[in-house]
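*Asks:* Here's the letter readout for the chains.
There are 2 protein chains.
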Amino acid sequence: MKIIVIGGGAAGMSAASKAKRVNPDSEVIVVESGSYVSYAECGIPYYLQGVVGHIEDLLHYPLSEFTEKRGIKVLLHTTVTRIDTLHSSVLLNNGDVLKYDRLIIATGSRPKPIDVISDRTISIRSLESAMRARNLIEKSKDVTIVGAGVLGVELASVLAESGKNVKVISKYDRVLPQLDEDIGKIFHEYFSSRIDVQKQSSLKSAEEDRGRVKITTSVDDHECDAVIYATGIIPNSEIAVEAGIKTGDRNAILTNGHMETSEPGVYAAGDVATVRNIVTGLDEMMPLAQIANKAGRVAGSNASNSEMVFPGALGTTLVKVFDYEVGFTGINESRAKALGIPYEKTLIKAKSRANYYPGKQDIYVKIIYGKNDKRLLGAQVIGTDGAAWRLNTIATAIFGGFKVSDLFYDDLGYTPPFGPVWDSIVIAGSVSMRE
Amino acid sequence: MKIIVIGGGAAGMSAASKAKRVNPDSEVIVVESGSYVSYAECGIPYYLQGVVGHIEDLLHYPLSEFTEKRGIKVLLHTTVTRIDTLHSSVLLNNGDVLKYDRLIIATGSRPKPIDVISDRTISIRSLESAMRARNLIEKSKDVTIVGAGVLGVELASVLAESGKNVKVISKYDRVLPQLDEDIGKIFHEYFSSRIDVQKQSSLKSAEEDRGRVKITTSVDDHECDAVIYATGIIPNSEIAVEAGIKTGDRNAILTNGHMETSEPGVYAAGDVATVRNIVTGLDEMMPLAQIANKAGRVAGSNASNSEMVFPGALGTTLVKVFDYEVGFTGINESRAKALGIPYEKTLIKAKSRANYYPGKQDIYVKIIYGKNDKRLLGAQVIGTDGAAWRLNTIATAIFGGFKVSDLFYDDLGYTPPFGPVWDSIVIAGSVSMRE
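Chains A and B supply the protein sequences, listed in that same order.
Residue 170 in this note's numbering sits at position 170 of the first sequence; the count goes up by one each step and never skips.
Residue 268 in this note's numbering sits at position 268 of the second sequence; the count goes up by one each step and never skips.
Next up, chain A with everything else stripped away, as it sits in the complex:
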């Protein structure tokens, strides 16, 4: 059995490792266009900040872990230029043709194309691009970030913490538009008291001029030393499309619970592939590291004829912004409206610790649930001192199909230093029960 994996990121190496472990006699080849495999892209902001010292620190494992210990063949600096499903082969950029019994596409994603490019503009994806970005940022004082999604606000906070003057350009009326307006406003206020934010603004031009960048936005003209784009990503699915493999949401490759594509024997995982959204039942692109790792494992296992079924995901996302822990999972109000799902919502503010215990902080919890069945559909949490894990606990509840009453009765441990006796989660459940 010969298994070819295109892409050596989280999903690809997870798939390759699993495929080989399940069937040690198989030949597993990873084709990676860059210089590294098994890299932690989520760590790039912290590498740019300088908190992570060396780019190699972002490798989960050295190459030898895969090639020597796990017996996987890795072709670096190699690109697959064509998939031929009829002959079960891939064409490499060096002209070689490799036959496969099973193919796993884990080509990931890349930043959306941008109009304005110069030596002082940065679009971050690969480790190679991160090294160039760090080099530029180290020499910069004024940094303008275009985009105020998860990556944008994360980058803004880490760069501000390391002493940069940061400006954020958001095309929306607030940062982090994944948060609903009610809780989003609270976060926006927190963020914009620390970072200069241009709302409802877009970049018109950015021109290099004597080591600086002159920027024109729809709101103002300003100068900076570096421009970072954080305007979203698109899947690297072209090669699959050309091979006739079906794509769906945002052009990501459609997969079933086996992470198999429309082409039998061809699997996909990671940013390039859809997964089932447990709440909506729709196949969606969810470019998140943990999903990539798990879906990669499922793809690799099935490619080696050992069945695993990916049950879907919620898109649970966490980001640290200064000392705020921000997270969301499931669907938000605008998505519920777009899908015509009747819902109700509860937004509460609570303390992170017992009232009498020092160090308590505010935590805001919002939950969205079905109007009729009271089943949880989504949650958004912001705050310090444990907000992130409260979001994860609610995500677990959504994953488990809890109703709001289950959230109230959920037996969470309590001790004064870690929470009040009525924790924010319990209160959110209680308020939603109208009890």
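Keep in mind that the hints were calculated from the coordinates and are not lab data.
All figures in this text were calculated on a predicted structure; none of them were measured in a lab.
It cannot be assumed that every hint is accurate.
One copy or any two copies: either way a pair holds, since identical chains are not told apart in the list.
For lysine-lysine, the following BS3-like pairs were computed, each having C-alpha atoms within a straight-line distance of at most 27 Å [said to hold, decoys possible]:
(1) Lys-403 - Lys-374
(2) Lys-139 - Lys-214
(3) Lys-374 - Lys-345
(4) Lys-69 - Lys-349
(5) Lys-69 - Lys-351
(6) Lys-99 - Lys-403
(7) Lys-139 - Lys-360
(8) Lys-185 - Lys-246
(9) Lys-374 - Lys-171
(10) Lys-99 - Lys-345
(11) Lys-349 - Lys-199
(12) Lys-99 - Lys-139
Based on the hints, put chain B in the right spot on chain A.
*Replies:* Chain B only, in chain A's frame:
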């Protein structure tokens, strides 16, 4: 409708408030033997430490919140000496007889009787006893704690942090015997490197002598300034037993899902009452603040003819011991063995943050699950930097009836400062799946 609540602690005030809210026309009377209602007993260790300044800080609400705002009648310094279910009345220690339509017993618990009592021995339960204890501890340097359960290790850590020389006497071969031997040993090592622990020891005598206490244990003789008993509690259920109400586990009052006792119209909640253990299906005493609050609310609602059903609990327990977060939920190995439940177990060690992110700490996660159905039965977590909320997340999974594979696929958010991409929870699930 006249509702009498015996006991003004968490369960009693929760029940009274809910009963009155559901039916504002009802007369709700709380009979409390002490000077306070709605007190946070879980805060007493921190009051003894001095982190909580005043005893009044431990009151969730002032008395007027209940009497004036919520319209509840509160009789302080008053004891119910007899329940007469035949005539639906209670006899008070002042000779009054009060008729009731519904009765809620929330008399709580008290420390187990102890042999050795002096002016320098402390058994903590009420706020009044806590004030006396703090007075003694403030004048003490050497403190001996008898008992190494949750309260014992918590008190030891807070008093050591405030500069006392603490010695702990455990009758077991390690502290916190609720933890299984494998993970318990790790905790014991951590604890005993900070606190002088006498294992397999018991107190034989304690005699006051010129302002000191001379102690003889089964292991040694030593002196100290104060002795604290943390040897467990028993329910204040005698009054119910005398009225013919059925009791079960540890003599706690048996209740059904309505928190109703064997006597129709008589409810019980809090430490004095059993709740259903979701994992074992057995009715158990679970003397925990959050359960008391929720079960109290359920009792109060049903007493006012508005149905609520308590689904049971897991006994999820958290305690902070120095910088360690320690928690357990569901059943442990010894309980599984005692009940003849076939089980398997997984104990893993993981990091609290991404490998490359500063400040990562060790987290140990143990899960116990059914040998055949792989359903989660219990968990134990120790470590710093978010161990407590990982335990709460697993508790949520157990509450939701998750199998180990659900724990693996659970869509937990990930960002480097708050966890590794393979979090301890995911790893525990993965290892248990044998995938």
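*Asks:* Identify every previously stated hint that the structure contradicts and give their numbers, smallest first.
*Replies:* 6, 7, 8, 9, 10 and 12
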